Amino acid sequence: MRTFIYSVQTAYKSILRDKWINLLTILSISICLLIISAFVTITMNMDSLLNRWSKSFGLVVYLDDSLNSEAENTLKEFFQKDPDIIGVKYISKEDALEELRLVLGSNAEIIEGLKENPLPSSFELKLKSELLDSEFVKQKAAEITNMTGVEEVQYGEKWLSSLNTISRIMKLSATFLGTAIFIAIIFITYNTIKIFFYRRNDEIETLKLLGATRGFIRLPFLIEGLFIGIISGIIGSLALYGIQSFILIKGTEVLPAIRAMIITFPLEVYLSVPIAGAIMSFTGSLIAVGKIKY
Amino acid sequence: MIRFSDVTKSYNDDVVIKDISLLIEKGELAYITGPSGAGKTTLLKLIYAAEKPDKGQIVVAGWDIGKLKQSTIPYLRRNVGIVFQDFRLLNNKTVFDNIALALRIHDMHPKEIKKDVNAVLKEVHLSHKSQIYPQHLSGGEQQRVVIARAMVSKPTVLLADEPTGNLDDKTSDSIMDLFREINAIGTTVLLATHDTSLFQGTGRRVIHIKNKQIAGEEIG
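Going down the list, the sequences are from chains L and V. In this text, residue positions in the first sequence follow our numbering: the first is 105, and each later residue adds one. In this text, residue positions in the second sequence follow our numbering: the first is 68, and each later residue adds one.
Next comes chain L alone, as it looks inside the complex (with noise of 0.2 Å):
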């Protein structure tokens, strides 16, 4: 416990000795974080919104004129029993009509002259949201087109495959982004405590000379680079939060739906990158210290 405090305190005084290598290593580190987190931030927005949006998607399924209402109930009945299925709206001719004239709005003259409906029925379905994959929505699409009574079936087939590519190339690029940043900050605590190490050869050699302990050698290091992480990951965090919060205030002012595009972290999310920060900043001053021979 005493070597633990001497440690610190070595580690700290070794910060305010060389404070401007320091303060360089940590506002790298920091910017560092910003950029994960903030990608990551992006990144589960984004997911969030593509959620919100799959929520309302769902299948167009145009039922054959001919058909008569009991076998529209069968298929409805169909429809409900179907475990990937979890909603089942009906819609007559005359309500997709309705619907129709109030799209048209004052426009709606264009259908009073109709001697009849020329409008389906249809049913919409909305699917389990895990299973909005575009290949297997078309291949349930194709299975139900080929039941009896139904006409057609229409879904946004290449909305939803965009929305699985962006969906996918971005949590792809925030594991690629991650792991650069990762091995970046990993680098920059290496650099600079192996020139801390170097600079301090003297001490190194005599201390081993004196009977010290490879444990005691390495741990103010260790500290010092545990130091570095937790600050630079704190200034990432607030500065994270800072700009989260302006985009709240400054971006809701020019337009309003942001708000609830944007989605807010709990404190845990605001912790965790200092211990980022720490975890990666220790790995690099492990490896900086390296074997000490004696």
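The hints are simulated quantities; they were obtained by calculation from the structure and are not laboratory data. Owing to the predicted nature of the structure, the values given are computational and were not obtained by experimental measurement. Be a bit skeptical, because a hint or two may be false.
Straight-line alpha carbon distances no greater than 27 Å define the calculated DSSO-like cross-link-like pairs of lysine-lysine that follow [stated by the list, open to error]:
hint: 1; chain 1: V; residue 1: 160; chain 2: L; residue 2: 395
hint: 2; chain 1: V; residue 1: 136; chain 2: L; residue 2: 395
hint: 3; chain 1: L; residue 1: 397; chain 2: V; residue 2: 85
hint: 4; chain 1: V; residue 1: 181; chain 2: L; residue 2: 397
hint: 5; chain 1: V; residue 1: 119; chain 2: L; residue 2: 395
hint: 6; chain 1: V; residue 1: 119; chain 2: L; residue 2: 397
hint: 7; chain 1: L; residue 1: 395; chain 2: V; residue 2: 134
hint: 8; chain 1: L; residue 1: 397; chain 2: V; residue 2: 112
hint: 9; chain 1: L; residue 1: 123; chain 2: V; residue 2: 160
Starting from the known structure of chain L, arrange chain V on it as the hints suggest.
Quick look at chain V alone, frame taken from chain L:
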């Protein structure tokens, strides 16, 4: 306390010590002398395990140097105090902190450290300079600090490599007096020097090294 049995050491193909056998008894004060490059420093390095023998066996305070693991070396060195010609003091630490460092690695309580450091400072007559930085001390004072640092953890063996190499005659005498005082309390002291005036008339054992081998022994 220190036993060399047919020890040979070479760097690459250059033999620096050849078939040396030597016994230093517990509580002895002995000198190792010889011209520059004779192998005096290598002999000391072998004792504190900075080097390992290529052949033969070295036993120091019960530790077999050739069989020591890297992780065990620190524990040997806590039993062996080392004094260098170039002092190796840390200029960013005060005299007190330089000496205290030797006790901090033992995980000692700060109160005990303070007590022991102040006691050893008194022995080397530097109590009034405890808060001074080494660069503001004279050569003799710096060497006293080094001796104090080597002694504070009460090692069983004290090694000194040309301890008066950078000092004038008067200061050298006072440093040698210190070594004799340290030896008087039971510490085994081994001094490597090429300065014959340091051991002449001392009545102590002098080991001559020449051409990488022990050339003979005498009483100084």
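Taking the hints in turn, this is what the structure says about them:
no.: 1; hint: V:160 - L:395; result: holds (26 Å)
no.: 2; hint: V:136 - L:395; result: holds (14 Å)
no.: 3; hint: L:397 - V:85; result: holds (25 Å)
no.: 4; hint: V:181 - L:397; result: violated (30 Å)
no.: 5; hint: V:119 - L:395; result: holds (19 Å)
no.: 6; hint: V:119 - L:397; result: holds (13 Å)
no.: 7; hint: L:395 - V:134; result: holds (20 Å)
no.: 8; hint: L:397 - V:112; result: holds (14 Å)
no.: 9; hint: L:123 - V:160; result: holds (18 Å)
Hint violations for this structure: number 4 only, all remaining hints satisfied.
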